[in-house]
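Chain by chain, the residues:
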Amino acid sequence: SQTIHQWPATLVQPVGSPLSLECTVEGTSNPNLYWYRQAAGRGLQLLFYSVGIGQISSEVPQNLSASRPQDRQFILSSKKLLLSDSGFYLCAWSMLDYNYNEQFFGPGTRLTVL
Amino acid sequence: AQSVAQPEDQVNVAEGNPLTVKCTYSVSGNPYLFWYVQYPNRGLQFLLKYITGDNLVKGSYGFEAEFNKSQTSFHLKKPSALVSDSALYFCAYPWSGAGSYQLTFGKGTKLSVIP
Chain A
230 SQTIHQWPAT
240 LVQPVGSPLS
250 LECTVEGTSN
260 PNLYWYRQAA
270 GRGLQLLFYS
280 VGIGQISSEV
290 PQNLSASRPQ
300 DRQFILSSKK
310 LLLSDSGFYL
320 CAWSMLDYNY
330 NEQFFGPGTR
340 LTVL
Chain B
851 AQSVAQPEDQ
861 VNVAEGNPLT
871 VKCTYSVSGN
881 PYLFWYVQYP
891 NRGLQFLLKY
901 ITGDNLVKGS
911 YGFEAEFNKS
921 QTSFHLKKPS
931 ALVSDSALYF
941 CAYPWSGAGS
951 YQLTFGKGTK
961 LSVIP
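Protein sequences appear in the order of chains A and B.
Each residue of the first sequence is one higher than the last, beginning at 230 in this note's numbering.
Each residue of the second sequence is one higher than the last, beginning at 851 in this note's numbering.
None of these hints come from the bench; they were simulated from the model.
Hints are supplied without guarantee of correctness; some may be wrong.
[Claimed, not checked] SDA-like cross-link-like pairs, simulated, lysine to any residue; straight-line CA separation at most 20 Å:
#, chain 1, residue 1, chain 2, residue 2
1, B, 957, A, 316
2, B, 872, A, 316
3, A, 309, A, 245
The whole structure should be built from the sequences, with the hints applied where relevant.
As structure tokens, this is what we get:
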């Protein structure tokens, strides 16, 4: 069976510090990978998605970047965090082939920028 | 623009009563539609999906959803609510573009089941 991991689970960082959040998927190959941010426990905002190694698409201009160095690894980064980067970050994966394949979500990382 | 909408920010229901969480869609053609649930400080969990065929879809944890094309709705239902059903529920519409498949989510409905 497939599993998706995210770490860390929680993170408190000062403004201006760097960020690295990691997501890994097990039990599947060549998945679509996604990074979402959820603010205030509500709507989800798609930040980045990837259809393959080194292929990253950004949905919104922001202070963040993403990378996919391996097939099942997706990393969210920032060089200098802003207060507005606080939120709940969710990684998800889906199969590549059909648009009615559901996305499966990781447990999330709670980021607080002080 | 194609979208899904959840008209209620919050739904309160007594334990044991039937529950409904509403979703309407604005999608051309025959839509695919999903429901997800999110418990506090957790990731989203997939509940069920409508692709085609039977308008009544059964999913996890005793939930079901009814696809209604004339009303452009896909409401989530459960015959008897449990306190443990209290969570945030999202309706979603999958679509393809730029070589990937993505989900457009509704804003979410907070369900509170009162003991």
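inquiry  = Check the hint pairing residue 872 of chain B with residue 316 of chain A against an upper bound of 20 Å on the C-alpha distance.
reply    = 26 Å, violated
ask   = Does residue 309 of chain A pair with residue 245 of chain A here, judged by a C-alpha cut-off of 20 Å?
value = 4 Å, holds
inquiry  = Hinted pair, alpha-carbon criterion (20 Å max): residue 957 of chain B, residue 316 of chain A. Please report holds or violated.
reply    = 16 Å, holds
The structure is inconsistent with hint 2 alone, although it conforms to all the rest.
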